[in-house]
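K.L.:
Please put together the full structure from these sequences, using the hints given.
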Amino acid sequence: MAETGAPSVLRFENVTVSFDGEAVLTDVSFEAFEGESRVILGAAGSGKTVLLKTALGLIRPDSGRVLVFGSDLGKMREAQLFDIRSRIGMLFQESALFDSLNIEENVAYPLRNQKAIRCPASEVLGRVEQALDFVELGGTLEKFPSELSGGMRRRAAIARAVVTGPPLVLYDSPSAGLDPITAHTIMALLIKERDMAQTTTLLVTYRYQDGNLMANFRYNSKQGRLEPARQSDGPLPRTTFMVLREGRLVFEGDQDRLEATADDYISKFCKQRE
Amino acid sequence: MLDLLKEPVLAVQEFVILAGRAFRNIFRKPHYTDDIILQMDTIGVGSLVVVALVGLFSGIVMALQMSRALSQYGEVEKTGTLVAITLARELGPVLTAIMMAGRNSSGIASELGSMKVTEQIDAMRALGTDPIQKLVTPRLVATCFMLPLLTIIADFVGLFGGWVIAVLRLHLGSRLYWNSAWQALEWNDVAQGGLIKPLVFAVVVSLIGCFYGLRTTGGTQGVGRSTTQAMVAATIIIFITDAMITEFFVSQGAS
Numbered sequence: 001m002a003e004t005g006a007p008s009v010l011r012f013e014n015v016t017v018s019f020d021g022e023a024v025l026t027d028v029s030f031e032a033f034e035g036e037s038r039v040i041l042g043a044a045g046s047g048k049t050v051l052l053k054t055a056l057g058l059i060r061p062d063s064g065r066v067l068v069f070g071s072d073l074g075k076m077r078e079a080q081l082f083d084i085r086s087r088i089g090m091l092f093q094e095s096a097l098f099d100s101l102n103i104e105e106n107v108a109y110p111l112r113n114q115k116a117i118r119c120p121a122s123e124v125l126g127r128v129e130q131a132l133d134f135v136e137l138g139g140t141l142e143k144f145p146s147e148l149s150g151g152m153r154r155r156a157a158i159a160r161a162v163v164t165g166p167p168l169v170l171y172d173s174p175s176a177g178l179d180p181i182t183a184h185t186i187m188a189l190l191i192k193e194r195d196m197a198q199t200t201t202l203l204v205t206y207r208y209q210d211g212n213l214m215a216n217f218r219y220n221s222k223q224g225r226l227e228p229a230r231q232s233d234g235p236l237p238r239t240t241f242m243v244l245r246e247g248r249l250v251f252e253g254d255q256d257r258l259e260a261t262a263d264d265y266i267s268k269f270c271k272q273r274e
Numbered sequence: 001m002l003d004l005l006k007e008p009v010l011a012v013q014e015f016v017i018l019a020g021r022a023f024r025n026i027f028r029k030p031h032y033t034d035d036i037i038l039q040m041d042t043i044g045v046g047s048l049v050v051v052a053l054v055g056l057f058s059g060i061v062m063a064l065q066m067s068r069a070l071s072q073y074g075e076v077e078k079t080g081t082l083v084a085i086t087l088a089r090e091l092g093p094v095l096t097a098i099m100m101a102g103r104n105s106s107g108i109a110s111e112l113g114s115m116k117v118t119e120q121i122d123a124m125r126a127l128g129t130d131p132i133q134k135l136v137t138p139r140l141v142a143t144c145f146m147l148p149l150l151t152i153i154a155d156f157v158g159l160f161g162g163w164v165i166a167v168l169r170l171h172l173g174s175r176l177y178w179n180s181a182w183q184a185l186e187w188n189d190v191a192q193g194g195l196i197k198p199l200v201f202a203v204v205v206s207l208i209g210c211f212y213g214l215r216t217t218g219g220t221q222g223v224g225r226s227t228t229q230a231m232v233a234a235t236i237i238i239f240i241t242d243a244m245i246t247e248f249f250v251s252q253g254a255s
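Keeping their order, the protein sequence lines are chains A and B.
Read in my numbering, the first sequence has 261 at position 261, and its numbers run on one by one without any break.
Read in my numbering, the second sequence has 42 at position 42, and its numbers run on one by one without any break.
Note that these hints are calculated values from the structure, not bench results.
Just so you know, these numbers come straight off a predicted model, no measurement behind them.
Check the hints yourself; a few may be wrong.
[What the hints assert, rightly or not] Below, computed lysine-lysine pairings styled on DSS-like, alpha-carbon distance capped at 27 Å:
1. A:Lys222 to A:Lys268
2. B:Lys29 to B:Lys134
3. A:Lys75 to B:Lys29
4. B:Lys134 to A:Lys75
5. B:Lys134 to A:Lys143
6. B:Lys134 to A:Lys115
7. A:Lys115 to B:Lys29
P.N.:
So this is what it looks like as C-alpha cells:
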C-alpha cells in the first residue's frame with residue numbers, strides 16, 4: 001500500500017524467521033501505517049501467527065528488521081521490549097487467558113504488570129469493567145476462563161488486549177473455531193474497537209469473510225451496530241490485504257486487486273463481495 | 001555424530017541459561033512474593049503427608065533390616081545409630097527429593113507445559129511479565145525453602161519409625177535408642193544431609209520441572225511427554241549429584 005502520509009506503525013524489512021533450520025517466514029517486507037487495517041490471509045502453517053509474534057518481539061528474526069513505532073526490535077533487550085509491547089494489544093489464537101486467574105484479574109493483568117502503563121491501583125477496576133462492558137461481558141468479573149464458552153473467552157481476551165488502549169492491535173484468527181453467529185459478533189467487536197479507538201489493526205485469518213467485514217463495514221456508535229461503510233459518511237476504512245504462502249508474502253494490495261487476481265492459491269481465499 | 005551431540009549440548013546450554021536467569025532474578029525486582037508463598041504451600045505443605053509416610057516406613061524398614069544384621073554381632077542396641085546415620089546422610093534427603101521429583105518436577109512441567117502450548121507463556125511476555133521471573137524463580141525459591149524442611153521432617157519421622165520397631169519389636173529402651181541415634185549424628189551429617197544435599201536437590205527438582213515445562217511443544221501429547229521426561233531426568237540427576245556430593249564429603253574425610 002502506498003504511503004498515505006500517516007506515520008509508520010509497523011515495518012517489516014526482509015524478515016526471515018526459521019525454526020530448526022526450516023524457514024517459516026522468508027524475506028517478508030511490508031509497512032503498516034497509523035489507522036490502517038491489514039488483513040493477513042493464508043493457509044494453516046503459512047506463517048501468519050509467526051508474523052504476528054515477530055511483530056510483537058516474541059520471536060526474533062534470523063535476518064531482516066522489524067520496526068515498531070520506529071524502534072528496531074532487534075536492537076532491544078527483553079526488558080526494553082516490554083515498553084513497546086505495552087503499546088500493542090494482542091489477541092492470541094486460543095485466547096491465552098490465564099487459567100488460574102479470574103476474568104477480572106486476567107483483564108487487569110496488563111494494567112498491573114506493564115510498567116509503562118502506570119495505571120493507579122484505584123483505577124484498575126473501573127478500566128477493567130469498562131473493557132468488559134465494551135465486549136458485553138459485564139457480569140463475568142468473578143468467573144474463571146474454564147467457566148466461559150469459547151466465544152466468551154475470545155471476548156474476554158479482546159478486553160484484555162484493548163484495556164490499555166493500545167494504538168496497534170494484533171488479532172490472531174479471532175473467529176477460528178467459532179460458530180458463524182459468534183464469529184460475526186467477534187468481528188463486530190474488532191471493527192468497533194478499530195473505529196472507536198482509531199487503532200491500527202493487523203488481522204490474521206483464513207476466513208475471507210472476516211477481511212471483507214473489516215474492509216467494508218464500520219461501527220455506527222449512535223446506532224450501536226455495524227453498517228456498510230459505503231452507505232455511511234466518511235472515507236472507506238483503509239484496508240490492505242496480504243496473502244502468505246509457505247512463509248512468503250505472495251500478495252499485498254486492496255480488496256479489488258485481491259479479487260481480480262488469477263493466482264489459484266490467492267483466489268481460493270476470495271469470495272465475491274456481498 | 002556431531003548432529004547426535006548437538007541436541008543434548010543445546011539442551012544443557014538452555015538449562016544453564018534458564019538456571020542463570022532464575023538465580024539472577026532472585027535479586028531483581030519485581031519479587032512475586034505471593035507466588036512464592038503459593039508455591040511453598042503447593043510444593044511444601046502439599047508434599048508433607050507423602051514425605052512423612054516415606055520417612056516413617058524408611059525408618060521402620062531400616063530398623064528391621066539393620067537389627068537383623070546387627071544381631072549377628074550382638075550389637076542390636078546400635079540400631080538407633082545406624083538408622084540415624086543412614087537416614088540423615090542418605091535416605092532422608094534422597095527419598096524426599098525423589099518424592100518431590102515425582103510429585104513436583106512432573107507437576108511443574110505439566111503446569112508450565114500446559115501454559116506453553118496454550119500460548120499463556122507468550123501472553124505473559126506480551127503483557128509485560130518475564131515468565132522466568134514470574135514462574136521459575138518463585139518455584140526455585142519455594143523449593144529451596146521447603147525441601148530442606150521436608151527432609152528434616154522425613155528424618156525425624158523416620159527416626160520415630162525406627163524407635164517404634166526398636167521398642168515394640170526389638171525391646172530396646174527408648175533412652176538407649178534415642179541416645180545412640182543422637183550421639184551418632186555429627187554436625188557434618190546435618191550439613192550434608194540436612195542442608196547441602198536438599199538444597200542441591202531442590203534446585204534440580206524445581207529447575208528440571210520448569211525447563212521441561214517451558215520447552216514443551218506438540219499440544220497435550222507434548223505436555224505428557226514433558227511431564228515424564230522431567231520426572232525421569234530429575235530422579236537421575238538427583239542420584240548423580242548425590243553420588244558427587246557424597247564422594248566430595250568422603251574424600252574430605254568427613255564421613
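K.L.:
Is Lys115 of chain A within 27 Å of Lys29 of chain B, Cα to Cα?
P.N.:
holds, 12 Å
K.L.:
Would the pair Lys134 of chain B and Lys75 of chain A pass a check requiring their Cα atoms to be no farther apart than 27 Å?
P.N.:
holds, 24 Å
K.L.:
Just to be careful, I want the Cα atoms of Lys75 of chain A and Lys29 of chain B compared with a cutoff of 27 Å; is the pair within it?
P.N.:
holds, 23 Å
K.L.:
Given the proposed pairing of Lys222 of chain A with Lys268 of chain A, does the C-alpha separation stay at or below 27 Å?
P.N.:
violated, 37 Å
K.L.:
Against the 27 Å threshold, does the CA-CA distance of Lys134 of chain B and Lys115 of chain A hold or violate the hint?
P.N.:
Within the cut-off at roughly 15 Å; holds.
K.L.:
Under the criterion that the straight-line Cα-Cα distance not exceed 27 Å, is the pair Lys29 of chain B, Lys134 of chain B satisfied?
P.N.:
Holds - the C-alpha atoms of Lys134 of chain B and Lys29 of chain B are around 11 Å apart, at most 27 Å.
K.L.:
For the pair supplied as a hint, Lys134 of chain B and Lys143 of chain A, confirm whether the alpha-carbon distance does not exceed 27 Å.
P.N.:
holds, 23 Å
In this structure, the one hint that does not hold is number 1.
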